[in-house]
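Knowing the structure of chain A, use the given hints to seat chain B on it.
Protein sequence lines correspond, in order, to chains A and B.
Going left to right, the first sequence walks through residues 1 to 291 as our numbering numbers them.
Going left to right, the second sequence walks through residues 292 to 617 as our numbering numbers them.
What the hints contain is simulated information worked out from the structure, not anything from laboratory work.
Please note that a few of the clues may not be correct.
Straight line, CA to CA, 27 Å or less: simulated DSSO-like cross-link-like pairs of lysine-lysine [what the hints assert, rightly or not]:
#, chain 1, residue 1, chain 2, residue 2
1, B, 457, B, 535
2, B, 427, B, 576
3, B, 535, A, 260
4, B, 535, B, 427
5, A, 260, A, 132
6, B, 427, A, 260
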Amino acid sequence: MQELLSSLVSVAFHGLAYGMILYVISVGLSVTMGLMGFANLAHGVFAMAGGYVMLSAMNRFGVPFPIAIAMAFVAVALGSMVLERLLYSRLYTAGELEQVLFTIGLIFMSVSVARLIYGTLPQPVYLPEEMKGQLQFLGRDFPTYRVFLIVFSIVIVGLLWFGVERTRWGAMVRAAVDYRAMAQSVGINTSRLFTLTFALGSGLAALGGALGAEIIAIQPTYPFEHLVFFLIVVSVGGLGSLRGPFFAALLIGVADTACKYWVPEFGAFFIFVATIAVLLWRPAGLFGRAA
Amino acid sequence: MSVNHAGGYIADPRTRPIEWLPWALALLCYFVAPSYLPLGSYVLTMIIFALSLDLILGYGGIITLGHSAYFGTGAYTAGILAARLTGEPLIGLAAGTLAAGLLGFVTGIVILRTRGLALLMLTLAITSLCFEVANKATAWTGGADGLGGFSVRPIVGLFKFDMFGKTAYLYCLVVLFASWWVVRRLVYSPFGASLTGVRENNLRMHAVGAPVYRRLVIAYTISAALAGLAGALLTQTTQFVGLKVLGFELSGELVVMLVLGGVGRIYGAFIGPLVYLIAQDYLAKQFPEYWYFFIGAILVMVVMFARGGILGILDAGIDRFRRGFR
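So that you can see chain A by itself, here it is in the shape it has in the complex (with noise of 0.2 Å):
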């Protein structure tokens, strides 16, 4: 019983950490496929970039892991918005197959560049001192790190929840979510809104993938391997949403966390099913409105 017990509080608090980071690096997706009805299958680049970015910070100029964390973003984010306005914009009102072979040249070319830079093995995460040993907490043992990333994805979700919910960007967001060609004609910015929360979702992408290389591990087929995912966290859960995601993405890791743990051989099985099962009965995710 109390072996039962551990093995499932260590599922939950491992699938926990893992569905968080997910959804900070899927939920940029959700917002840019929502917002620009873009099917952006190259969002896994960002992550990847953003991944590359704090771990060369940090292994070869020695840079704290604080600010390489902020460097990736920032980077990440200005790399993107330089993308979007010369690359995305132009296919905006292009039909879905144009955006999905755009997209899959990137990540075609992200990833040989990948390779060319840093090789094929995954990078090393050295984490910091402090963030190395274990946290006592109800007389049970729980990895620092793992703790860390929990609390600061909530912190982050909380800050999202914030920005779109009560804030006047939040605001312009989702009625150009609702209707692009109304809120254009109250006179919203879109093309700049598209742009600046385009940056925003790859900044987040960058800081999801930064913060996870511990978890999903730094490699050139890194935007293939979990996009597979990324997708699954989105469609499951409803573009445009900020809610849907976050339940996908946690049902997601929690769900891949206990097959791994307890039914091996059934590997990531019990996902795909359950993403079939979820499209076929709301093709428009748990948390989309019917299209």
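For chain B alone, kept in the frame of chain A given last:
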């Protein structure tokens, strides 16, 4: 919209003389470049696969990133059959086609009710699911090591597969010819016309009373069966099945090949794999890092500047050339 997709229903479905050109070239290759026949067989196989995708993507307008599910099903069916029951190639082809067609029918019924992102996700999820099944069912599929060590008997007991790939090449060519004939007949039939209608304007097709969903399911099933045929062919000509045949990367590459050649015009499915695979054979060996960058860049360029692919560029060139004379 129709500017990008030149293909579709035409009033005169008779074969134009130029349509015999690919076949003449393919036969010429057999005599001129015998050392490239294994690559040639692979190209022919991928052309069948690309044709199957063209049917649903180019004509039906269904965007899928999971077509390798059917290719892989065909490949594994043929492989398992050869390993356990019989190495007779024609039976293997039929079984692979049937199995993939069946899977296509069952999954098509279910997923074609959705559209857009949900549909894209469902195709991805189905492929991932098939991949997981093949990965874990090691007793049948060999798992990550792949399935090999089976032998394929001579075709109809007469033509033995030789080590230079001569028989395999001609075998692929004959199967491709049959697939081309089927796809061409389909595309130029009233069924093909109504499929093109669904691609161009789904709502209007509903409005004129066309059974859109049924048409899509039929097209999807045929396409899956063709993909399975290509998979079975690959198994028999290489005598090996790896997990890669079910991978999402293969689906992605397939879409890239088709788009490179030109979507919705049959011959795009010929040109695309040919150019892509020859370039890959040449470049990927020497510069593996740059190869993916190159392909990615080409893809971005095609989307930005040349949505009709290589054949689209050719069309535009010929158009300009003709206008120059007027």
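Quick rundown of the hints versus the structure:
At most 27 Å may separate the alpha-carbon atoms for a hinted pair to count; residue 457 of chain B and residue 535 of chain B meet this at roughly 25 Å. The straight-line distance between the Cα atoms of residue 427 of chain B and residue 576 of chain B is roughly 31 Å, outside the 27 Å bound, and the hint therefore fails. Between residue 535 of chain B and residue 260 of chain A the alpha-carbon distance is near 23 Å, which keeps this suggested pair within the 27 Å criterion. With a C-alpha separation of about 14 Å, the suggested pair residue 535 of chain B and residue 427 of chain B falls inside the 27 Å cut-off, and the hint holds.
For a cut-off of 27 Å, the pair hint linking residue 260 of chain A to residue 132 of chain A stands: about 24 Å separates their Cα positions. The hinted pair formed by residue 427 of chain B and residue 260 of chain A meets the criterion: a straight-line CA distance of about 13 Å does not exceed 27 Å.
In terms of the numbered hints stated before, the structure departs from hint 2 and from no other.
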